[in-house]
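Once you've looked at the hints, dock chain B against the given chain Z.
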Amino acid sequence: MNPLQERLKTKPDNLLSLFFTAGYPNVDSTEAIIASAEQAGVDFLEVGMPYSDPLADGPVIQQSSSEAIANGMNIKLLFRQLEQIKGKYKIPLLLMGYLNPVLQYGTEKFLQQARDCGVSGLILPDLPIEEYRDEYQSLFKKYDLSFVFLITPHTREDRIRLIDSLSNAFIYVVSTAATTGKQQDFGQAQTEYFTKLTSMNLRSPLITGFGIHNAQTLEQAWQYLNGAICGSAFLKKLRENNHPPAAMEALMNDLGLKK
Amino acid sequence: MTQLNIPDSRGYYGSFGGAYIPEMLYPNVEELKENYLKILDSDAFRKDFHQLLKDYVGRPTPLFLARNLSQTAGAKVYLKREDLCHTGAHKLNNVVGQALMAKILGKKRIIAETGAGQHGVATATVCALLRLPCTVFMGSKDMARQKPNVMRMHMLGAEVIPVESGSKSLKDATNEAIRHWINHPDDTHYIIGSTIGPHPYPDLVARLQSVISAEIREQLLQKEGTENPDYVIACAGGGSNAAGAFFHFIGNKKTRLIGAEAAGEGAQTEKTAATIARGTPGIIHGCKTLLMQTDDGQVQEAHSISAGLDYPGIGPMHAFLHESKLATFLPITDAEAMEAVQELTRAEGIIPALETAHAIAALHKINFKPEDIVVISLSGRGDKDLETYQNYFA
Numbered sequence: 000m001n002p003l004q005e006r007l008k009t010k011p012d013n014l015l016s017l018f019f020t021a022g023y024p025n026v027d028s029t030e031a032i033i034a035s036a037e038q039a040g041v042d043f044l045e046v047g048m049p050y051s052d053p054l055a056d057g058p059v060i061q062q063s064s065s066e067a068i069a070n071g072m073n074i075k076l077l078f079r080q081l082e083q084i085k086g087k088y089k090i091p092l093l094l095m096g097y098l099n100p101v102l103q104y105g106t107e108k109f110l111q112q113a114r115d116c117g118v119s120g121l122i123l124p125d126l127p128i129e130e131y132r133d134e135y136q137s138l139f140k141k142y143d144l145s146f147v148f149l150i151t152p153h154t155r156e157d158r159i160r161l162i163d164s165l166s167n168a169f170i171y172v173v174s175t176a177a178t179t180g181k182q183q184d185f186g187q188a189q190t191e192y193f194t195k196l197t198s199m200n201l202r203s204p205l206i207t208g209f210g211i212h213n214a215q216t217l218e219q220a221w222q223y224l225n226g227a228i229c230g231s232a233f234l235k236k237l238r239e240n241n242h243p244p245a246a247m248e249a250l251m252n253d254l255g256l257k258k
Numbered sequence: 000m001t002q003l004n005i006p007d008s009r010g011y012y013g014s015f016g017g018a019y020i021p022e023m024l025y026p027n028v029e030e031l032k033e034n035y036l037k038i039l040d041s042d043a044f045r046k047d048f049h050q051l052l053k054d055y056v057g058r059p060t061p062l063f064l065a066r067n068l069s070q071t072a073g074a075k076v077y078l079k080r081e082d083l084c085h086t087g088a089h090k091l092n093n094v095v096g097q098a099l100m101a102k103i104l105g106k107k108r109i110i111a112e113t114g115a116g117q118h119g120v121a122t123a124t125v126c127a128l129l130r131l132p133c134t135v136f137m138g139s140k141d142m143a144r145q146k147p148n149v150m151r152m153h154m155l156g157a158e159v160i161p162v163e164s165g166s167k168s169l170k171d172a173t174n175e176a177i178r179h180w181i182n183h184p185d186d187t188h189y190i191i192g193s194t195i196g197p198h199p200y201p202d203l204v205a206r207l208q209s210v211i212s213a214e215i216r217e218q219l220l221q222k223e224g225t226e227n228p229d230y231v232i233a234c235a236g237g238g239s240n241a242a243g244a245f246f247h248f249i250g251n252k253k254t255r256l257i258g259a260e261a262a263g264e265g266a267q268t269e270k271t272a273a274t275i276a277r278g279t280p281g282i283i284h285g286c287k288t289l290l291m292q293t294d295d296g297q298v299q300e301a302h303s304i305s306a307g308l309d310y311p312g313i314g315p316m317h318a319f320l321h322e323s324k325l326a327t328f329l330p331i332t333d334a335e336a337m338e339a340v341q342e343l344t345r346a347e348g349i350i351p352a353l354e355t356a357h358a359i360a361a362l363h364k365i366n367f368k369p370e371d372i373v374v375i376s377l378s379g380r381g382d383k384d385l386e387t388y389q390n391y392f393a
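Residue numbers (numbering that gives the first Met the number 0), protein chains in the order written: chain Z, 0 to 258; chain B, 0 to 393.
Looking at chain Z on its own, in the form it has when it is part of the complex (with noise of 0.2 Å):
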């Protein structure tokens, strides 16, 4: 079992989870922004690999995701930077990115860097489904790392039933069609959505991202889901306040999570 796997069999609702691009605002972010992650009670991470087409990301990833290439950030240097504070930090982490840059890493080689700098899986919203069983779960399993899949309003039943057996974490539920910081309340096809989702007695836990921004969007993926993932609200903060505890007690505050 990886630190993710454990994290959601002990805490199973009321998930809270980030997403960074490595290598935003600084090339040497990474280690200060999962501090405060894990102080603020952030349950879960996920770091962002940049790549230079973010296909379903909106504006405030793809900026993140340039900067932070022209900052130097690369697979290898944010290895190195997790491999140095490896053991240091409890909070479970997951990168998230585009799979041509994995499949130019060697996708053996990265698997297996990623376990042993001690991440806990991945999430390649561009490896296909159909893909990842015939080709790639065999190598997820052997180095102990989950494979997180997307659905969103439009994924059929038989689908969502098919990604749920295959999945080893949780789902990603993508609250509404639309590539990523899309920043609007959830209404009532995201709360019919959800319903629909929890009455279907899936057997992985449903984590709902794109679109969390304010306590309203967090309180109601809480309501319905297992948990709710932050991204380009968080990197907004970041983009403001380029010192990574204030952007973190800034998101808390506007997530309605002060303490």
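With a straight-line cut-off of 35 Å between C-alpha atoms, the simulated DSBU-like cross-links for lysine-lysine are:
| # | chain 1 | residue 1 | chain 2 | residue 2 |
| --- | --- | --- | --- | --- |
| 1 | B | Lys32 | Z | Lys195 |
| 2 | Z | Lys8 | Z | Lys181 |
| 3 | Z | Lys235 | B | Lys140 |
Over the 12 Å line for every Cβ pair with chain Z, so calculated as not near, a few chain B residues:
| # | residue |
| --- | --- |
| 4 | Thr71 |
| 5 | Met150 |
| 6 | Glu226 |
| 7 | Thr327 |
I should point out that these hints are in silico values taken from the structure, not numbers from a laboratory.
For every residue, glycine included, the Cβ atom is placed at its ideal position computed from N, Cα and C.
Then chain B, alone, in the frame of chain Z:
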């Protein structure tokens, strides 16, 4: 269907192709994949498609024996006059087909990306004809260098959205179109203009463009008593025009297929778009193909004087044709293309598009036998490039 049965049912041409897309795009791409062959084969589609190709696009386009060019080249050179299609390039063949398909699928609006603006103009044109709202994504750098096409799109009633991200050219225009599709999944069809993108797009576009090689065969049979030329030459950025010109000759041992790709300032310089010469296998815009990328797997920005070839990838079909030695790709520099513009203009009285000029320039890179029959796909006319030509030759 080419003679090799490519792509396979999962959209692979050998190891290239496939559909590497986020789940948000899955329902739309799957819908297209499930339906495109059925629609292409249906009587209703075929009737409307062929009628529009004939009466609206102006097909068949002539196969013209270019006597003066033949003399310089030392072979019998025919020009397949795609530049005489309505809107001035081969792009309309694909758009007519995809727009009809979108209507059959019940879509209410159309989006497209464009580089040189030819695909954008073709899309805006067919959308005006079929009364479909149309949004075109175009890099701001390309909007500046292809102004006449921006004006044409506006006149035709299309919304042109300038793309400021990344390279500000075709690559990022494609990213923005895909992102827009993710945000508008219910009623929108995305007409990709080239043989790129997730399966089934490369195959769909190649089939719709295959009318070019079908006509070449018929016309050559009449003129030369053979369906098979010794060479077919076409320029290739994403590869739609080359795919159409090659389609019915792929795997045919009699005909050599030559793709002319944009080398920019030289295939071995930093400023190039010669993907076959410089690319390595990877993923771009939803398919596995050859692309120009860094060691870290970041997509590099391409450079070509021609906006339509300024793309760091190439269609998976072409990557496969190259890998399996079924086609040869020659890098043509900006300067060689510009020389070819003047050459064709003066020799035959035809001002070609900058993209097309790359195919003309390839004539000088091949040692022909005098009896060789060469067909060049004259993919587009040069009106849109007049400003670039004036500045260059001034």
